[in-house]
Amino acid sequence: MLQYSADRLAVLASGALVMRDVIRVEARNRTSGAVETLAFWSDDHDVTLPVLDPLTGATVQLACIGAGGLAEYGAIPATCDLSVEELSIHLDPNSPAIQLLRTYDVKFRPITVWSALFSVENRQIVEAAEVDFYGLIDNVEIRTPTENDEGAAVISCVSDAQEMSREEPAKRSDADQKKNRDPDDDFYQYANVAGKWEIFWGKEGGRHHGKDINFEPNPFRGRR
Numbered sequence: 001m002l003q004y005s006a007d008r009l010a011v012l013a014s015g016a017l018v019m020r021d022v023i024r025v026e027a028r029n030r031t032s033g034a035v036e037t038l039a040f041w042s043d044d045h046d047v048t049l050p051v052l053d054p055l056t057g058a059t060v061q062l063a064c065i066g067a068g069g070l071a072e073y074g075a076i077p078a079t080c081d082l083s084v085e086e087l088s089i090h091l092d093p094n095s096p097a098i099q100l101l102r103t104y105d106v107k108f109r110p111i112t113v114w115s116a117l118f119s120v121e122n123r124q125i126v127e128a129a130e131v132d133f134y135g136l137i138d139n140v141e142i143r144t145p146t147e148n149d150e151g152a153a154v155i156s157c158v159s160d161a162q163e164m165s166r167e168e169p170a171k172r173s174d175a176d177q178k179k180n181r182d183p184d185d186d187f188y189q190y191a192n193v194a195g196k197w198e199i200f201w202g203k204e205g206g207r208h209h210g211k212d213i214n215f216e217p218n219p220f221r222g223r224r
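FYI, in UniProt numbering the residues of the sequence shown are 1 to 224.
Do not rely on the hints blindly, as some may be mistaken.
Below, a list of computed lysine to aspartate or glutamate pairs in the EDC-like style, where the Cα atoms sit at most 20 Å apart [stated by the list, open to error]:
1. K196 x D182
2. K107 x D46
3. K107 x E130
4. K107 x E141
5. K107 x D138
6. K196 x D174
7. K107 x E36
8. K107 x E121
9. K107 x D174
Read the hints as simulated data drawn from the structure, not as lab findings.
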C-alpha cells in the first residue's frame, strides 16, 4: 500500500501543485559499450531532482535534461502481485530525447518513470519523486515525419515482473557449475555420463566410464 508523507498529503489536499514527469533510461553506448544514464523531465531547463531509487527506496539526486512536453502515457496500474504490466510512452516529436534514443542502444534496458510534485507557491519540489513505473524497454518505434506529418516516437515497456517468467538458460553441467558458482565445485563433474552407467550389484557385467565391469564370482554364494 502506498504511504504518503504529511507534506505530500497537504499539497494534494490543497490542489496547489504542479506535476512533472521524470524518465530515466540506463542505455548502452553503441561505441564504447558502457552503460550511461539518460534522464529527462517534462520542463524546459536542465535540473537536478531528488528521486526515490526503484530498487533500494533511498533518495538519490538525478540530473535531468529539460525536454519540454516530454511524453504522454496512460494510467499505470498499482498492483501488488506478480502480473506483468505494460506501458507505452509517446514522446513529443520535438523532444531531444528522440535523438538520444537513436544514438544509444536501449533495447531491453531498464527504464524508470517518476512523478514529481512541485508547490505552486514557491515552485520547489515537495519531496523526492515517487516511482510510478520500473521495468524494461521492449521496443522503440521512431517514425520520421513526412510532409504534413508530425512524426512519432513510442517506447513500449514491460514491468520488471517479466523477469519472474524468464526461463533459466543455465544447464546442469560441470562447466556451468564451475563458471557460475565455484571453480572448485565438482558436484556435476559426471552429470553428462552418470545416467549411462550400468552397475549390476551382485551380478556379472555392467559398464562404468565406458569400460566393462566383471565382478569376481563369490566363492561363498550358495553355501550355508
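Tested hints:
no. : hint        : verdict
1   : K196 x D182 : violated (26 Å)
2   : K107 x D46  : violated (25 Å)
3   : K107 x E130 : violated (24 Å)
4   : K107 x E141 : holds (11 Å)
5   : K107 x D138 : holds (6 Å)
6   : K196 x D174 : holds (16 Å)
7   : K107 x E36  : holds (14 Å)
8   : K107 x E121 : violated (40 Å)
9   : K107 x D174 : violated (32 Å)
Checked against the numbered hints given earlier, this structure breaks hints 1, 2, 3, 8 and 9; the rest are met.
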